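Undergrad: Sequence:
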Amino acid sequence: MIRDREASYVEFVTTRRDHLRRVAYALCGDWHRADDLVQTALVKLYVAWPRVRRTGSEEAYARTILVRASIDESRRPWRRERPTEAVPDAPAAAPLAAEERSALLDALHALPPQQRVAVVLRHWLGLSVAEAAKEMRISEGTVKSHTSRGLAALRSVLDPAGT
1 MIRDREASYV EFVTTRRDHL RRVAYALCGD WHRADDLVQT ALVKLYVAWP
51 RVRRTGSEEA YARTILVRAS IDESRRPWRR ERPTEAVPDA PAAAPLAAEE
101 RSALLDALHA LPPQQRVAVV LRHWLGLSVA EAAKEMRISE GTVKSHTSRG
151 LAALRSVLDP AGT
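Quick note: the sequence shown uses UniProt numbering, first residue 1, plus one each step.
Rather than coming from a laboratory, the hints here were simulated on the basis of the structure. Heads up, a few of these hints could be off.
Only pairs whose alpha carbons sit at most 20 Å apart, straight line, appear in this in silico SDA-like list of lysine to any residue [said to hold, decoys possible]:
1) 44 / 59
2) 134 / 52
3) 144 / 129
Bear in mind the structure is a predicted one, so any value in this text is a computation, not a measurement.
Using the sequences and the hints, build the whole thing.
TA: Right, dumping it as structure tokens:
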């Protein structure tokens, strides 16, 4: 029984770790923090694995933990500090598509945490308003409001001329 539990958990982690890491990065904007969020989510998932596995909601449970851990982290005072110099993760001579992706991610990470989470859940992961509201523990109207404001902020940063 324990061996089956661990085998199914290892299989889930092996197949979903990279996806969870990308989701975490979209939420927080830093690969190191994303790794921390994924580690937190996987530890909590392991503890709850028998219950979560019975319901068949492993992916949703892990994603919910990521979202909540990201929001919790953003509330910590030391997270509001900004470094004065940033070391780029990518080489300077990147193709245009990578530059656009970088600009989008920079703009996404400049959003307030709740707006960022709403935009990522709705438009990157494709969740419905109801699913996003459930994961964020807020009303559907608030999800719509956060999403709308987040998208408007992204538009104003990425296309200031409004073309």
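Undergrad: If a hint holds in the structure, say so; if it doesn't, say that too.
TA: So, going through the hints one by one against the coordinates:
1. 44 / 59: holds (13 Å)
2. 134 / 52: Holds - the C-alpha atoms of residue 52 and residue 134 are around 17 Å apart, at most 20 Å.
3. 144 / 129: Within the cut-off at roughly 7 Å; holds.
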